[in-house]
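Going line by line, the protein sequences match chains A and B. When the letters of the first sequence are read in order and numbered with the numbering used here, they come out as residues 83 to 510. When the letters of the second sequence are read in order and numbered with the numbering used here, they come out as residues 83 to 510.
Mixed in with the good hints there might be a few duds.
[Said to hold, decoys possible] Taking lysine to any residue pairs in the SDA-like style, the calculated list, with each CA pair at most 20 Å apart, reads:
#1 B:K423 <-> A:S336
#2 A:K281 <-> A:R258
#3 A:K423 <-> B:S336
#4 B:K251 <-> B:E223
In short, the hints are calculated from the structure, not lab data.
Number of protein chains: 2
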Amino acid sequence: MSRIVALETSDIRFPTSLSLDGSDAMNPDPDYSAAYVIVRTDAGDAGHAFVFTIGRGNDVQVTAIDALAGHLVGREIEPLLDDMGGTFRDIIGDSQLRWLGPEKGVMHMAIGAVINALWDIKAKRAGLPLWQLLSRMTPDEIVDLVDFRYLTNALTREDALGILRAAEKGREERERQLLATGYPGYTTSPGWLGYSDEKLERLAREAMADGFTQIKLKVGADLQDDIRRFRKAREVCGPDFPIAIDANQRWEVSEAIEWVNALAEFHPAWIEEPTSPDDVLGHAEIARGVAPIRVATGEHAQNRMIFKQLLQAQAIEVMQIDAVRVAGVNENIANLLLAAKFGVPVCPHAGGVGLCEAVQHLSMFDFVAVSGTREGRMIEYVDHLHEHFVVPTDIRGGSYTAPTAPGNGMEMKAGSIAEYTWRGQHVA
Amino acid sequence: MSRIVALETSDIRFPTSLSLDGSDAMNPDPDYSAAYVIVRTDAGDAGHAFVFTIGRGNDVQVTAIDALAGHLVGREIEPLLDDMGGTFRDIIGDSQLRWLGPEKGVMHMAIGAVINALWDIKAKRAGLPLWQLLSRMTPDEIVDLVDFRYLTNALTREDALGILRAAEKGREERERQLLATGYPGYTTSPGWLGYSDEKLERLAREAMADGFTQIKLKVGADLQDDIRRFRKAREVCGPDFPIAIDANQRWEVSEAIEWVNALAEFHPAWIEEPTSPDDVLGHAEIARGVAPIRVATGEHAQNRMIFKQLLQAQAIEVMQIDAVRVAGVNENIANLLLAAKFGVPVCPHAGGVGLCEAVQHLSMFDFVAVSGTREGRMIEYVDHLHEHFVVPTDIRGGSYTAPTAPGNGMEMKAGSIAEYTWRGQHVA
Numbered sequence: 083m084s085r086i087v088a089l090e091t092s093d094i095r096f097p098t099s100l101s102l103d104g105s106d107a108m109n110p111d112p113d114y115s116a117a118y119v120i121v122r123t124d125a126g127d128a129g130h131a132f133v134f135t136i137g138r139g140n141d142v143q144v145t146a147i148d149a150l151a152g153h154l155v156g157r158e159i160e161p162l163l164d165d166m167g168g169t170f171r172d173i174i175g176d177s178q179l180r181w182l183g184p185e186k187g188v189m190h191m192a193i194g195a196v197i198n199a200l201w202d203i204k205a206k207r208a209g210l211p212l213w214q215l216l217s218r219m220t221p222d223e224i225v226d227l228v229d230f231r232y233l234t235n236a237l238t239r240e241d242a243l244g245i246l247r248a249a250e251k252g253r254e255e256r257e258r259q260l261l262a263t264g265y266p267g268y269t270t271s272p273g274w275l276g277y278s279d280e281k282l283e284r285l286a287r288e289a290m291a292d293g294f295t296q297i298k299l300k301v302g303a304d305l306q307d308d309i310r311r312f313r314k315a316r317e318v319c320g321p322d323f324p325i326a327i328d329a330n331q332r333w334e335v336s337e338a339i340e341w342v343n344a345l346a347e348f349h350p351a352w353i354e355e356p357t358s359p360d361d362v363l364g365h366a367e368i369a370r371g372v373a374p375i376r377v378a379t380g381e382h383a384q385n386r387m388i389f390k391q392l393l394q395a396q397a398i399e400v401m402q403i404d405a406v407r408v409a410g411v412n413e414n415i416a417n418l419l420l421a422a423k424f425g426v427p428v429c430p431h432a433g434g435v436g437l438c439e440a441v442q443h444l445s446m447f448d449f450v451a452v453s454g455t456r457e458g459r460m461i462e463y464v465d466h467l468h469e470h471f472v473v474p475t476d477i478r479g480g481s482y483t484a485p486t487a488p489g490n491g492m493e494m495k496a497g498s499i500a501e502y503t504w505r506g507q508h509v510a
Numbered sequence: 083m084s085r086i087v088a089l090e091t092s093d094i095r096f097p098t099s100l101s102l103d104g105s106d107a108m109n110p111d112p113d114y115s116a117a118y119v120i121v122r123t124d125a126g127d128a129g130h131a132f133v134f135t136i137g138r139g140n141d142v143q144v145t146a147i148d149a150l151a152g153h154l155v156g157r158e159i160e161p162l163l164d165d166m167g168g169t170f171r172d173i174i175g176d177s178q179l180r181w182l183g184p185e186k187g188v189m190h191m192a193i194g195a196v197i198n199a200l201w202d203i204k205a206k207r208a209g210l211p212l213w214q215l216l217s218r219m220t221p222d223e224i225v226d227l228v229d230f231r232y233l234t235n236a237l238t239r240e241d242a243l244g245i246l247r248a249a250e251k252g253r254e255e256r257e258r259q260l261l262a263t264g265y266p267g268y269t270t271s272p273g274w275l276g277y278s279d280e281k282l283e284r285l286a287r288e289a290m291a292d293g294f295t296q297i298k299l300k301v302g303a304d305l306q307d308d309i310r311r312f313r314k315a316r317e318v319c320g321p322d323f324p325i326a327i328d329a330n331q332r333w334e335v336s337e338a339i340e341w342v343n344a345l346a347e348f349h350p351a352w353i354e355e356p357t358s359p360d361d362v363l364g365h366a367e368i369a370r371g372v373a374p375i376r377v378a379t380g381e382h383a384q385n386r387m388i389f390k391q392l393l394q395a396q397a398i399e400v401m402q403i404d405a406v407r408v409a410g411v412n413e414n415i416a417n418l419l420l421a422a423k424f425g426v427p428v429c430p431h432a433g434g435v436g437l438c439e440a441v442q443h444l445s446m447f448d449f450v451a452v453s454g455t456r457e458g459r460m461i462e463y464v465d466h467l468h469e470h471f472v473v474p475t476d477i478r479g480g481s482y483t484a485p486t487a488p489g490n491g492m493e494m495k496a497g498s499i500a501e502y503t504w505r506g507q508h509v510a
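Pulled out of the complex, with its shape left as it was, chain A reads as follows (with noise of 0.2 Å):
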């Protein structure tokens, strides 16, 4: 038996606002931060993990990791892993710390850091990289993961237990196609909002040229800025390529529906967060308004509650889960189980600091053990900051490499993690 001994946190920023890569319409100069801890035993364990945040504020987010040091630091590690829905409904279940949110923002990301650190521990102990480790596992152990609470007038253990039982058969033969083919991905570099034109048509190129299945573009900040960079990138992708669109959250609903019928001509393989993310039946009134335009969603969809919601109103034919956004693997699970029980594909929010090291991971177990399929689905990709994890993704031919280094994905260098420490300013 080995105890947990430490909760170390660091507040990480990097200075991103300084080149405005990842500006849009609702966050024009992020600097891309993790609020990183690390899980340590007296057996040397050391698991990590993060919140990305885009700045001001991350200190706060360190503060709520820190908060759980106490249903960790001391106690045997082994039980905690041997039972890890246990472990993340009791952590989850606090009522104390439940009230600040419940199960939302900063508390909740807390929580899914310090569960994601403990799954980063457990998939290292058994030399797996995590969806291997997920992928692995019997239909009645991925169930016991999940809380359902608030769920069961959509997804019961026993749907769930029913979608696991039958993607059983055909585990091992697509495992091995992730490790020969990987996953695809798709790729936001080229359509930032800070971005001029040549930028845009030259990256979009380089995209194409990179075997990306799909590049993205940043709208909602001006109609007429948005056509011309539609059609710049149609003229260099051609009129089949898939190319998506994302509003930040910038829009009304009644003007999410005018605005992306004007860019309709252009064909957008989807409208991603058109608004409020809590707005489920706005959301709705969008899909209606813009068919057959897809909306996407979820980057910042707080909860496997908000999920639910959006599939049962047939808000969204695209679903973007985030690694880091709620509370760790475990609700993931729920939020992949959801989606396989609406028949909704999952094509995960990444970019921002270690979040496409992350989320591939729940894809490819999604693939595996899930839904079964990588058919209409893609992990985004953000080719920005890869440098300082340990195992940085591995892109080739535009598709996620399968990682089989043991882990979670989310351990960042030594070096980096000391060099991007927050010392209260940065310099341009």
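Starting from the known structure of chain A, arrange chain B on it as the hints suggest.
Using the frame of chain A, we list chain B on its own:
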């Protein structure tokens, strides 16, 4: 001109878990707490406000308030107070901080605290209680306080102006009525789950004798207990006295419908928080399944977008705002206007620490200047911890006496702040 010189914060916790005051099916052992802030200027102003929490994590909430110092400290206060709508939208629009919600949870409540503290200064400078300050603003001034973003498919600026203009007639008469007769209250004091049947019966008897218009029982832990306790309360109160029930988010959707219908013979005045506060569609399903029993929720509704949807979906017939869950007075004005637009009565959540002192101002403003009526409306009252406030609530004949002291009502006594500042442990 004067400048803001400090945001002073305190981590204040009362050891309420020792007496089971406030115990319910979801929150068995709360330590009622306040993440407290005083905004100070070099002119000697002190604006008080807080976020209510139930113990652990109160330090996280304090850190989130501290993170807002950069928005306020060093700035001239008069331009901020003269344009409280602009001040609100400026802080709420900080895109980096917004990422931590968006507009929900710890960071959103922190913004609410500093906004409420500024309102305290504005009201004190005007020499008016907050409700009166707000009630004497013009309709145009009031709508300028609101952020209509994400609301316009349910409530436009023009809708809001129409509501406020319609209520202009009679403002003075209603102010007189309010000062003469107060605002109706109901009490939850008898109904905590941790209390014995004898205590429940005694407190229910006292509540009626005190003139309260309704009592409320906590339910949801054990159906047979609920039936027994509800029956005892009916025996004490008689067949016609309103008795509401509150499940504190304990149920699944189908469970809520079954459980409430099993209590229908006792005629609950409403069922409060039957399930997750995020589940708009679930509440709508419950509302259809328990009709004619009314569904109430809102104390954990994270922002105006949730209230909008609860109303659009006809999921609630009673709307329960909370003074500190959302981003302060400004967002609650949006919530009051939404309720008025949909014709749903607002019966605020209160109790906790200072929630009665704070929220009464919003209901009184609603009566004078928004809905124009007290009909079917009442403010929750719990007889705890009022002695710590400089201007404690004044309940007479079961009604809230309209406060006349300048300010927002949230100022705690300096001695109480000092005595209950958290030092890491409650001693039984």
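Each hint, compared with the structure:
1. B:K423 <-> A:S336: holds, 19 Å
2. A:K281 <-> A:R258: Given pair A:K281, A:R258 is violated - Cα atoms ~38 Å apart, limit 20 Å.
3. A:K423 <-> B:S336: holds, 19 Å
4. B:K251 <-> B:E223: Holds, at roughly 17 Å.
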